[in-house]
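S.K.: In case you want the letters, here they are:
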Amino acid sequence: KNQVEQSPQSLIILEGKNCTLQCNYTVSPFSNLRWYKQDTGRGPVSLTIMTFSENTKSNGRYTATLDADTKQSSLHITASQLSDSASYICVVSRLNYGGSQGNLIFGKGTKLSVKP
Amino acid sequence: DAGITQSPRHKVTETGTPVTLRCHQTENHRYMYWYRQDPGHGLRLIHYSYGVKDTDKGEVSDGYSVSRSKTEDFLLTLESATSSQTSVYFCAISESREDIQYFGAGTRLSVL
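These protein sequences, in sequence, are chains A and B.
Note that the numbering used here numbers the first sequence so that position 83 is 83, with each residue one more than the last.
Note that the numbering used here numbers the second sequence so that position 11 is 11, with each residue one more than the last.
Hints in this document: simulated from the structure, not taken from any laboratory.
Take these hints with a grain of salt, some might be off.
To be verified - To be clear about the criterion: a stretch of chain B counts as covered by chain A if any three or more of its residues have a C-beta under 8 Å from a C-beta of chain A, and this derived list gives those stretches: (1) 17-27; (2) 32-43.
Said to hold, decoys possible - Take a look, some chain B residues computed to stay more than 12 Å from chain A by CB distance: (3) 12; (4) 67; (5) 108; (6) 111.
From the three backbone atoms N, C-alpha and C, an ideal C-beta is built for every residue, glycine too.
Only chain A is shown next, with the shape it has when bound in the complex (with noise of 0.2 Å):
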């Protein structure tokens, strides 16, 4: 079954230090992988993302990994802001999808909560 999964579910740091966020997944055919911020109210906005033959791309404070072989990816978020509060979701791109789940698989985020 293709899925996402996502550790932890919810974070709570200090303003000004660094955290890395999780991501599992076991969807295939893989096309992609996107980090997207969703902050409270608001659509999810595209962070990153990254193609099998990327293993690291950088948006800013926010840096992704990725490990193809072992399916895994990390959002790195370096000396973090009060603006940085938000749900960060990892979605997997399905390449030449079939079905109804779309070719998009969303994990279902981790809640970052950054404290002054």
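Assemble the complex: chain A is given as a structure, and chain B must be docked to it using the hints.
M.R.: Coordinates of chain B only, in the frame set by chain A:
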């Protein structure tokens, strides 16, 4: 929100009534999607469209119908709303099936 407008943003309705949610885009993207988001679940695809009058079912399509008569508008209809359809509904757009999806701000629907 990438030129995507969802309306209404909030709606409260009663069980058994019809409800239509609208998604309007100004980006001229070919693909449009409707998702629902519930606690304990990831975003789940309801229906999507790959062109005017071209639509297909998603993972949780039962009880929902869609229409796309213009490139810019994608309507989601709950023919007879049930309490299980209480949720936050997101519209998304993309240029192709493989491209990044851009999401609207969402519609919070409560069915009492």
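S.K.: Is the claim that residue 67 (chain B) lies outside the interface with chain A correct, judged by CB distances over 12 Å?
M.R.: Check passes; 19 Å lies beyond 12 Å.
S.K.: Is the nearest CB of chain A more than 12 Å from the CB of residue 12 (chain B)?
M.R.: At roughly 17 Å from the nearest Cβ of chain A, residue 12 (chain B) sits farther out than 12 Å, so the non-interface label holds.
S.K.: When you look at the beta carbon of residue 111 (chain B), is every beta carbon of chain A farther off than 12 Å?
M.R.: Given that every Cβ of chain A is farther than 12 Å from that of residue 111 (chain B), nearest at about 20 Å, it holds.
S.K.: Quick one: work out the minimum CB distance from residue 108 (chain B) to chain A and report holds if it exceeds 12 Å, violated otherwise.
M.R.: violated (9 Å)
S.K.: Mind checking, does the stretch 17-27 of chain B have 3 or more residues with a CB under 8 Å from chain A?
M.R.: It is violated, with 0 qualifying residues against the three required.
S.K.: Verify this for me: three or more residues of the stretch 32-43 of chain B with a beta carbon less than 8 Å from a beta carbon of chain A.
M.R.: Coverage by chain A holds for the stretch 32-43 of chain B (5 residues, Cβ < 8 Å).
Of the hints listed earlier, those the structure fails to meet are numbers 1 and 5, in rising order.
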